[in-house]
Amino acid sequence: MLTNYLPVLLYMLIAIGLVGVIVLLSEFLGKKTHTYQKDLPYECGMDPIGDARHRYAVRFYVIAMFFIVFDIEAIFLYPWGVIFKPLGWFGLVEMAIFIFILVVGLVYVWGKGALEWE
Amino acid sequence: MVVPLHYYLGLSVALFALGVVGVLIRRNILVILMCIEMMLNAVNLAFIGFADAFKAVDGQTFVFFVMTVAAAEVAVGLALVVAIFRHRATVYADDLNILKW
Amino acid sequence: MTIAIPTFNLSSIGPWLTLTVAAILILLLDALSPKGRKAYFPQLSLIALAVAALQTWWLWGQSGTDFARMVFLDNFAFYFYLIVILGTTLTVLISRHYLEEWGKNLGEYYALLLFATVGMMLMAASNHLIMLFLGLEIMSIAIYVLAGLFREDARSNEAALKYLVLGAFSSAFLLFGMAFLYGATGGNLFIGELAGKIKEALPLTKPLTLLGLALLLVGFGFKVASVPFHMWTPDVYEGAPTSITAFMSVGVKAAAFAAFARIMFAAFPAFVLEWHMLLWVLAVATMTIGNVVAIAQTNIKRMLAYSSIAHAGYLLVALVAANQLGAVSIIYYLLAYTLMNVGAFGVVILVGRKKDSYLNIYDYAGLGFQHPVLAAAMSVFMFALAGIPPTAGFVGKFYIFSAAVQAGYIWLAIIGVMNSLVSVFYYLRITVLMYMRPAEADLGPIAFTPGLVAALIITCAGTILVGVFPGWFYDLAVASVKIFPAL
Amino acid sequence: MGSVNPFFLGCTLSLVLSLSAFGLIMIFTWRRPKLSLAISLTVSTICLIIAWLTFIKLSALKEPLILSVDWMMSDQIRVPFGFLLDPTSLLMFVIVATISWLIQLYSIGYMAGDSGFGRYYAFLSLFALSMLGLVISSGLLQLYICWELVGLSSYLLIGFWYEKFSASEAGKKAFVVTRFGDIGFFMGLAFLVLNFGTLDIHSINSAAMSKAFPAWLLTPAALLIFCGIMGKSAQFPIHVWLPDAMEGPTPVSALLHSATMVAAGMYLLTRLFPFFSCSPTAMTVILTICTITLLLSSTIGMVATDIKQVWAYSTISQLGFMGMGLAAAGLTGGYLFAGFYHLTTHAGFKALLFLCAGVFIHHFHTNDFFVMSAKGGRRLLIPMVTVTIGALALAGIFPFSGFFSKEAILAELWNLPNKMWLGLGLLGAFLTAYYTFRVIFVLLFPRPQAVGGGHGVEEEHGHGHGQEEEHGVPWVMAVPLIILAGFTCVLGFLQAPIQKFLLGEVHHHAPNYVLLVSAVGCALGGIGMAWLDWGAKGAKWEGFIRKVPVVENFFIQKWYMDHFWRWFLNTVIYGLFSRTFTYNDRRVVDGGVDAVAFGTIGSGRLLSFIQTAFLQLNLLFMVLVLGGIGIYLLMGR
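Protein chains in written order, with the numbering used here: chain G, 72 to 189; chain X, 155 to 255; chain P, 2 to 488; chain S, 1326 to 1962.
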């Protein structure tokens, strides 16, 4: 009975292992520079201590918008994932088209230079 | 445990009404957009409630589409707010008064 | 578990595919090609539109549904395909020079136009509330962006944001209405089956259905700019780029009326009395307020906005009539309206000259002497909008009011005729200004570009031809409304 | 169709040519007076020739000639487009073509040097197009279209001197007021087509004659169509536009308001005479309205001082007279002849009167015939003679055309069981003669001192502003006068041939001497009265009506009809609708928000909520309406 969950266990182990390996590797291989900004918690350019009614740079909104749009499209991947098998090739092709359209959006955003920070 | 349909509907209507009131009384356009999101989510809740009651799946499918569309709408809305903010340094609905009767 | 993939025929959504592919292509080209080599987007769009029209023509005469009953294949939808394709084509024609003046001849403009067109077609053909909603939003979101196209122009921004907030608000209502209908019918979202399901569940779910109906009315009322949901119209029409205003006034109206008519005719036979009564009131209010307020306007775009509200009122009259002639007149009138209104906006673009400098109606003074042909064209459009024979506007109004009389709504017809009388005043004022007033100042030359000239020729000739030979279009329309057995 | 019918070709040609003349001038040549004139006059001459040729060729016609194609609007609704050539339309066709040709000729002189010369001729061509189209159209919809075009071109012509405020106002008034009647007309058409399914004039008439219409259908349709006639033919109570319409150039007045445009209404009545006469109710209404119009306009004509105003009111009264004749004939089962005959003769003499007035106005630069008289109007020989001929005809004096046609109408009135109508008709004839000859006598027997002393005398010396025109009347203006005067003298004796042409047979009835004597007596009485008041040596130069100042003032104020409409427009239309809405826009919304803003800041959330700009007010409104709809749907019934 519990053996049914063996793949899950395996999957978890692999995931944890992978994360651990990557963290360790970056610790050993990566170049280390320490700046004030970089050492702040979350590493995101925000001051962790201070007034909460802080004004954000407008660029955050732009990035946030892209994130919302691309992220929310993933919603359609879940139902597909659930019935991936019965849908077969048809579903795969459909999803490929769907993702292709998303990629077009990404290419467009990229090509327009909207991903440049400056 | 089965949640009765009218619980869903009651909550949904309440959420929707809250959203409407929020849209009507808040001045900040960002908050107005959030309230509109709330209205859409109330609709989602209603759909899910009905889908659950009827054991029909199309209500849930509808929810997916509503969510994506709402995201797109908000993205456009945010972009417009940003554009307006760059011009006039305001995000308040009552400052949108160039176009008048 | 196995899932039966429903059979479907890609060619039945051929026009959509063509336009979508063209739009995606434009987006890619726009992002990837270096600056300065982007002049071919209008041509590309026109080709795509022509192909889509051709595909529609091939589809003509089919009936039934496809894609697991999601999509209607019928002449009603196809007629609307043709109308919105016509509207988009004309918009593309009048856009180019105008956009160049503003420095905004962008690829996305055309891509968004095409996407919006696809959305409109979806609305006209949908047999499923999800499809309807998707079509509505594809169209609306594209137009929100287009309305705010001139990012540097505060009015354009404001128009877009107002439209977005109001539009999102109203689509939330529409959605809530759909949810109620879904509940009232025990989990049905197919438009074609709504009527039967509503009837089945009637005694139990009457309040739910009625609430759904009310919410749908609000949602659609907003999209067609019916009073009292019209308040966005003048602001948005004034602030949006003129070419987009033209597109909105014809395309959105056509698509919204297509969906509106289909739902009302097909889904609510059980509540005929209620929605007739409500729409009766809305129609009267819409016509009257639109026309009366238009008299007071001095900005031509605002005036045309109120006139577009008034025309929505006439169309609502046809909807209330709800007989075969009524349905026919909706289709016919939207075709006529597309021609005459885009034409009028084309003239507005021309007269507006550099960056919409001259939008006051008094800037039209003396146009008849400086540019007789242009003034003549504008007069044709004004006559047509006012419903003066022998233009298409007259025949359309004749159908509409005849339909109302036929359905027994004599008073509605009388009010309609009185309203069109009032409208003559402000339309003819433009003509009078053009021919009977000397120009107040020299406003500078008017740049006639091939696209605009072509659009004006098409609209002008179309307005007159459709008016003089309505028979053919009428027959097409009759063939299209055969699908509503209740009429 | 193997060979095209020559008449069809001719009719089409005349319309197409007129339209292209309008288009050509308007688009290309309006800057060049000579060229425009050439185009317009050529086209007009061709139309004239076509009209007369058709008339002569078809004069022996037995059956009406219908040359039409169906314009299909829908399965049930077929609208015929084409030409219906029967005696009525042929006669009118000729009249219209002739008069518009004469007026184009006359205008060469009258409009010479006007800055809008080309435009003027373009409008005249448009007018000819629409009027000719109206006359020979075979279907009511085509007629309606031309009817509206007539309205449009008259609007353009009346407001021709647009820089003159009163002129553009008058143009607008004419257009709006006649449209008012047209709503009725249009509704009548819709009513007919929906209940009967055709708009073909011939089939409507024959159906009416064979009693195919139920009365409930017939009477409303007839009355609705009559609304249009009231507007176009300036019948009470929407006659108010016509006197104002005199603001246009005088040849235009002659063209529009004597022979053609206003006659269009009566022409329609004639055209649908069999249809109308099937509804006694409608005919009685028509008779009443026309009688009121006759008396009203005659009495106003008695006190007007502008020569064109007098002719304008006489036009209205004569139109009323025609209407009475037709209605009476309809009620007694008579023929359309009397009214239509009067229409014919009236076209001739009224055009004549207006053109004469135009000569005087052109010469003296004034519209006031008292001033004209003081400046020596009687020295202009040709117009003075011709205006007298016209006036005699208008008054109904033997042997001029008006006598015969009035006689015919009075005979119809005589046949009515109620003799009151006859009495009112005679009273109208008396008044007509009176005000007509008031003008003539004032012109003939000038009294410079009566028009404010020295002013008139000074003008006497200096009236020629150094222009050569004072030496006489240009021939282009004189020729039409003479031709029209000729018509006026001759037409009366053509009664029998015209009757034969119109009805196919001559109805001789024994001359009714009582009627004859009383009619002539009334006319002569009117002239005599005018002589006593204005002509005779010791006359006081004031109308007999002066003795009752209240009534005189009532007439001078035109029965307060203008006041009524002004009030109606201001209060009801502008006040109630436009103002409310525009006021809302500008004041209530802005002002309300301002008031709140300036008001107490501390009064809390409720007020600040109203303050939150337009966007949310709109939204709130939507929600409220939704609430209303919901309540209606759920609670209603």
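Hint data in this document are derived by calculation from the structure and do not stem from the laboratory.
Ideal Cβ positions, reconstructed from N, Cα and C, are used throughout, including at glycine.
Some hints could be false.
Claimed, not checked - Dumping the calculated SDA-like pairs for lysine to any residue here, alpha-carbon to alpha-carbon at most 20 Å:
#, chain 1, residue 1, chain 2, residue 2
1, P, 200, X, 233
2, X, 209, P, 32
3, G, 183, X, 233
4, S, 1382, S, 1953
5, P, 105, P, 32
6, S, 1497, P, 206
7, P, 207, S, 1825
8, P, 355, P, 454
9, G, 183, P, 152
10, P, 207, S, 1960
11, S, 1497, P, 207
12, S, 1497, P, 299
13, P, 207, S, 1489
14, P, 207, X, 233
15, X, 209, P, 8
16, S, 1489, P, 206
Claimed, not checked - Below, a sample of chain P positions facing chain X; criterion: calculated Cβ distance under 8 Å:
#, residue
17, 138
18, 177
19, 180
20, 270
21, 271
22, 272
23, 273
24, 274
25, 278
26, 356
Here's how the hints hold up against the structure:
no.	hint	in the structure
1	200/P / 233/X	violated (45 Å)
2	209/X / 32/P	violated (45 Å)
3	183/G / 233/X	holds (15 Å)
4	1382/S / 1953/S	violated (70 Å)
5	105/P / 32/P	holds (15 Å)
6	1497/S / 206/P	violated (56 Å)
7	207/P / 1825/S	violated (73 Å)
8	355/P / 454/P	holds (17 Å)
9	183/G / 152/P	holds (16 Å)
10	207/P / 1960/S	holds (12 Å)
11	1497/S / 207/P	violated (53 Å)
12	1497/S / 299/P	holds (19 Å)
13	207/P / 1489/S	violated (64 Å)
14	207/P / 233/X	violated (42 Å)
15	209/X / 8/P	violated (25 Å)
16	1489/S / 206/P	violated (67 Å)
17	138	holds (5 Å)
18	177	holds (5 Å)
19	180	holds (4 Å)
20	270	violated (23 Å)
21	271	violated (20 Å)
22	272	violated (20 Å)
23	273	violated (26 Å)
24	274	violated (26 Å)
25	278	violated (25 Å)
26	356	violated (16 Å)
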